[in-house]
Structure formats: structure tokens, C-alpha cells
Amino acid sequence: MSKDDIILEEATSGEYKYGFTTNIEQDIAEIGLNEDVVRFISAKKNEPQWLLDYRLKAFAIWQKMDEPNWAHVKYSKPDFQRISYYASSKEKKKLNSLDEADPELLRTYEKLGIPIEEQKMLAGVAVDFVMDSESVFTSFKKQLAEVGIIFMSISEAVQEHPELVKKFMGTVIPPRDNFYAALNSAVFSDGSFVYIPKGVRCPMELSTYFRINAENTGQFERTLIIAEEDSYVSYLEGCTAPQRDENQLHAAIVELIAMDRAEIKYSTVQNWYPGDKNGKGGIFNFVTKRGLCQGVSSKISWTQVETGSAVTWKYPSCILKGDHSIGEFYSVAVTNNYQQADTGTKMIHIGKNTRSRIVSKGISAGHSENSYRGLVQINKTAENAYNFSQCDSMLMGETCGAHTFPYLEIKNKTAKVEHEATTSKIGEDQLFYCNQRGLGDEEAVHLIVNGFCKEVFKELPMEFAVEAQKLLEISLEGSVG
Amino acid sequence: MLKIENLKASIDNKEILKGLNLEVKPGEIHAIMGPNGTGKSTLANVITGRDVYEISDGSIQFTNEDLLELDPDERARLGIFLAFQYPVEIPGVTTTNFMKAAINERRRHQDKEPMKASEFLKMMKEKMKLVDIDQKFMSRSLNEGFSGGEKKRNEIFQMAMLEPKLAILDETDSGLDIDALKIVSNGVNQLRNKDNAFIIITHYQRLLDYIVPDFVHVMYDGRIVKSGDKELAKELEAKGYDWIKEEQAV
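For the protein sequence lines, the chains are A and B, in the order given. Under the numbering used here, the first residue of the first sequence is numbered 1, with each subsequent residue one higher. Under the numbering used here, the first residue of the second sequence is numbered 482, with each subsequent residue one higher.
It should be emphasised that the hints constitute simulated quantities derived from the structure, not laboratory data. None of the values given here were measured: they were computed from a predicted structure. Treat each hint with caution, since some may be false.
[To be verified] Taking lysine to any residue and the SDA-like style, the derived pairs with C-alpha atoms no more than 20 Å apart in a straight line are:
hint : chain 1 : residue 1 : chain 2 : residue 2
1    : A       : Lys454    : B       : Ser622
2    : A       : Lys454    : B       : Thr575
3    : A       : Lys425    : B       : Arg531
4    : A       : Lys454    : B       : Arg621
5    : A       : Lys458    : B       : Arg621
6    : A       : Lys454    : B       : Pro572
7    : B       : Lys499    : B       : Asp702
8    : A       : Lys425    : B       : Gly626
9    : A       : Lys470    : B       : Lys581
10   : A       : Lys454    : B       : Phe618
11   : A       : Lys44     : A       : Gly32
12   : A       : Lys74     : A       : Tyr315
13   : A       : Lys454    : B       : Ser620
Chain A on its own, in the form it takes in the complex (with noise of 0.2 Å):
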């Protein structure tokens, strides 16, 4: 075994940090699936008939449609009977300050090193935080109500303006879009709502952690962001979820509307769990996100480091439809033991002069198997539209894979689509050079790898882009003899 294979493997042997559960009460729905759960969600919600309406013609689409397997990942498929579909902490009372909240739940906050102290409030971050289904804290709402922003958990925006949810809710991912956008709009839970109105600038980033804490519940988040005529709100989404030897599904939608001239911005960090080191437990992320540049010189960048769950199915996508909209898609997905993902973008380009952008950065550690797979879609109607791709791949050690599957469907001549791929290993020199510097293994596997993702943190939030920083060193830790 080289040297670089075994710092490789024990860089694999790092243990999840944020294995804990909290023990507060929650409210279960019953186990499994059918009519009844989809009606027992809604009124637990107290929702208006049109949601309930949409639920149940999601859940009877849902049941015709069968698990997509095209993607190179292999998992034993969930029992979808065998999930509750509900769960939510009995505390229902609306906090004003920090003091009232359970000091369990602060203690969860604290672990996970959520900003939601005085420090982040002074750094000007409004966080909504969803433990399970329920949002249980917004802050800086009032604030932001003063410029007209409405930021929100979709449960609250349901009951205060269902005109708006009623309006944009799937519209720009219909349930019957794919097998998990069905389940999800039958079932969903909670998540986030973002209104900006017409010429307002958000003056913070908008932040919401979502984490997954009772045992055998799927989350099912649904994020809508509406940004109107010139306006622009950037929106970060952080994910944890405790350590359970079961596999648990995480299902959720992200919408983004763009209008004229407005810019949204949407940065993930993931980090569910990923399973032991032999592949056992983890969280299957199967998500849809999808934005849609609507208005003319709109803009829409997805920003994602994935560095968590068993198995992610996720693509983020962008439908050009504005004349000279922008479509951005930036992405760092790192897989460690027997993780696999398989993540990506669609870029459909049907305005005039539309340009996309994608830079994906793969990084494949123990035996995991990392994939690369994008859609190009140029229309016929897309007169000089533009794309450049670039997607790296980096491998450690011997026993991990790394894969690219582009796809492009260009029905314009006027197209221009530039695509750039490399595949490389962290060699023994680089290693090496950075040691004789003084840099300890694990430093310098961060160095570099850090180095390797350059491209795509410059693209976060500057705080976030030190924790996904934090957040990689974790994931290949004791990488390092």
C-alpha cells in the first residue's frame, strides 16, 4: 500500500460529528402510507381545501409512478409503508427570544454550531430553522417585513398568503414532474417561503437549516423563492441529520421564480449523514430543484457543496425562458466510504442570447462512487445562446470512482456549447511537497482539495464559504497518517 493509500483510508475513518438526537416530544403521523396520512397532514396544518385538493391529485399520481433507476447509484429501495410522514414538536408556542426555547433544543443548536447567537445576529443573518417539519424560530422577520420581503415557513405562508403560495407553487416543478416531486407534493411538510418584491435588494442573506432529528420519518421540505422585477435575494439552505443505523429519505422541492432583471442566488451546504464506514445507514437525498429565469436578464445560480448522505439523486437545474437570462450552476460534491452521488444540472435555453455556466467538482475518497451528469438543452427558439461547462474529478486512492455523463440536445444553430472535463489524483509529490513544507498530511489533503473546489466556494457567502470549508475537512478526515 502507498503512502497516499493509507492516509486515504484513514481519511475515511472520520466519524460523523453531528450524531446526536434530541429528545423532545413530537407528534408522529402513523406508519406508512395511503389517503388517510396525506388527509391527516393537511388538517394537522389546518390547510385550505384548494392544498389539500392538490395533495391528494399529487398522491394519486404518485402511486402510478414508478423509481427512477437511471442513475449510477445501487441502494435498496425505501419501503415507503414503513416511514411516518409527519412529525413535529409538540411545543407549539411561537418564540420571541432565545430564553423561551427548550434548552434541549438549544443544545442542539449549539452542536451544531448554528449561527443563531448574538454574533450571527450581528453578522446580519436571518435564519429560519425547521427541526423535522416545523419551523420553530424566524428571526429578523420583522425587519425584513419592513422592506416588503415575506420570509416565512411555508406552513405560515399558507395560512397568511395563500394567494402567493396558491400562485407559484408548483409551477415550476408540477408533482407529476418525477416519482419523487409526486411524493413530496402529497406529502410535504415544511420549508421556506421567500417573497422580494419589485425593486428591493435583501438586505441579508436568508438562511434556513433544515435537520432531520425523529427516527423513521422522511423530510419532505418544499422551498418556494418568488423574486419579483428587479430585485435580488441571496438564500443559503444548511442540512444535518443525526446518526441512525436506518436509512432515512429526505424528498424535497426547491422552487425559484426569477422575474425581469432579478437575481437569485441559492447556496446549499449538505451534510446529512452519509452511513457508517461500511455503507450501513445514511440518508437517501433525493431532491428536485429546479429555477425558473422567467423575466427578460434574469438571473439564477445554484451554489451546492455536498458533502453528506448515503445516496444523493439532485439536479438543479434552470429553464432559460427570459430573453438573455443567466443560468449558473456551481457544485462540490464529495464522497467518502461507500457514498454515492449522482448530481448535476439541466440547463434549458429557450430565450434569445440565454447563457448558462456550470463548474462541477467531484472528489471520490474510499470506496464511493461519484457522478457527473448534465443536460444542455438548447431550443429551437434560443437564438445565440451560450454554454460553457467544465467538470473536474479528483480521486483518492484506488478503490473509489468517478464518472461524467453530459448530455446535450441543441436544436439551434446559432448555439455556442463549451465543455471542458479532467480527471486527477492528489499524488505522492503533492502530498509530499506540501510535508516538506512543514504541512502536516491532513493539512495538506485539505490544501489541496480546497485548492481543487477554488472555483466554486469563491461562489458562497463568505461565512459559508469557511464552513463548507470546515465542512470538507470533516468529510475527509484522518486522511492523514
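We have chain A already, so just place chain B on it with the hints.
Quick look at chain B alone, frame taken from chain A:
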């Protein structure tokens, strides 16, 4: 400072160093010359701890530590620096960040706080002047797209930043034009003092016109077979290595 005794090292069961002895004291500059394939670079790699080599016999003492017991990064932190013959590219990592990481890692091991940004920048500026290196190199990815000469100058810049006790220059002069050679030599000469030492591995005498060694050693077949002062280098330049080979063959 450095004491190597009867060092034997092999790679893939092929013995490269066959009982090498060398002693280096503070303030000294040693030049190691010799034909290709006699083990000069192997010596540099074995001192710095590259683990592709099997050490079968001998010892290396450095400031009273048994070097062979230490990992490469530990040796580096003791103050051993290698200017690489072929510096490695690290995409996305700037020279600035690389140096910051290296310096702060040393400080961490000494239980010191990371260096203040202002202090670090000041130090960078000083050392950049020393090797006449442009600011723009500092924000470029380490060695990526650098010319041969730029890479070598960057090595000397790193050496200046890390202020080693013992610096080993492995054929730093190869591929350098005369101007770059002067800049590199000038850097070394400014850095030398009574407390540090240099081992300069080279094929050619010309570098030794600029960096005057206290000792010149000739390596042949895994051993130092001849030692002298700077005049020995001149002799080698004039006569080549064949007479050494012949002497050894007898």
C-alpha cells in the same frame, strides 16, 4: 548540525546510497557534485524523509534529533528545507495561501497564535524583494503555468519565508538563465548567516561562481568519494568526471 553516517538507502531493492558520510556545521555551505545517477537527489530525498526509500543502515542526526525517526513534516518543522528540482503544481492554492498555511502550521506546533495578517504581508514584501519576484505570482496558483525559472525563484522565495536552519538546493540552477541564476544566488547569499547552513546539489561549477562553497564533495556510486574546497569544483569543471570514475575503478 547535520551528521550523516554510513547511510545506505535503496529503492525497489536497488541500493542507491552505499554508505555515505557527511557532516555539516552551522554557517557552512557544502556543494555536492557528481555525474548523473550517483544518488545526489536521493540524498536530498532521504534527508527530507521521502518514504519511497528503504533505509537499510546508517544514521542521520540533525540538531541532536534522530531524523530517521521523524515524518517529513516534522523534519521540515525542525528547520530543514528542500528547494525541489521539479516543484509541484497545486491548482487553486496561491503562493500566499500556501506560505500562510506553512508558517501557521509551524506556529501551531509551537503553541503560538497564527501570524497577524499585517505582519505576514510585511514579511512577504521583504522576501519578495530578496528574490526579485513580482507581486502577481503571489496570487497565482502555486507553480501552475510558471516557467522553469519562475518555479525555481518561487522555491527560493519560500526558503526565504520559512528561514530554515538547513536548506538543500536540488539542482536549483538547472534550466536557469544567467540573470535568474544571479537572482537565485543573490537570494542565498543574503540569507546565509552564521547559524544556518546550505547543501547545494549541482552538476555545474557555474552556480559556485556566485555562491562560494566552503566545501565541495564529489559523489559517485552512492558515496562521497572526494572532498575539497572550491578549487575542486574548478578542477571538475576543467577535467570532467571521468578521472574520478577512473580513480574509483582502480
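A quick look at each hint next to the structure:
At most 20 Å may separate the alpha-carbon atoms for a hinted pair to count; A:Lys454 and B:Ser622 meet this at roughly 11 Å. With a C-alpha separation of about 11 Å, the suggested pairing of A:Lys454 with B:Thr575 holds against the 20 Å cut-off. Between A:Lys425 and B:Arg531 the CA atoms are separated by roughly 19 Å; this keeps the pair inside 20 Å, and the hint holds. Taken as a hint, the A:Lys454 and B:Arg621 pair is honoured in the structure, with Cα atoms around 12 Å apart against an allowance of 20 Å.
A hinted pair counts as satisfied when its Cα atoms are at most 20 Å apart, and A:Lys458 with B:Arg621 qualifies at roughly 15 Å. A hinted pair counts as satisfied when its Cα atoms are at most 20 Å apart, and A:Lys454 with B:Pro572 qualifies at roughly 9 Å. For the hint pairing B:Lys499 with B:Asp702, the CA-to-CA distance comes to about 7 Å; that is within 20 Å, so the pair holds. Between the alpha carbons of A:Lys425 and B:Gly626 the distance comes to roughly 19 Å, so the proposed pair stays at or under 20 Å and holds.
With a C-alpha separation of about 17 Å, the suggested pairing of A:Lys470 with B:Lys581 holds against the 20 Å cut-off. With a CA separation close to 17 Å, the supplied pair A:Lys454 and B:Phe618 stays within the 20 Å bound. Distance restraint check for A:Lys44 and A:Gly32: the Cα-Cα separation of roughly 17 Å lies within the 20 Å cut-off, and the hinted pair is therefore satisfied. Pair hint A:Lys74 plus A:Tyr315 holds up; C-alpha atoms about 18 Å apart against a cutoff of 20 Å.
Distance restraint check for A:Lys454 and B:Ser620: the Cα-Cα separation of roughly 13 Å lies within the 20 Å cut-off, and the hinted pair is therefore satisfied.
In the structure shown, no violation is registered for any of the earlier numbered hints.
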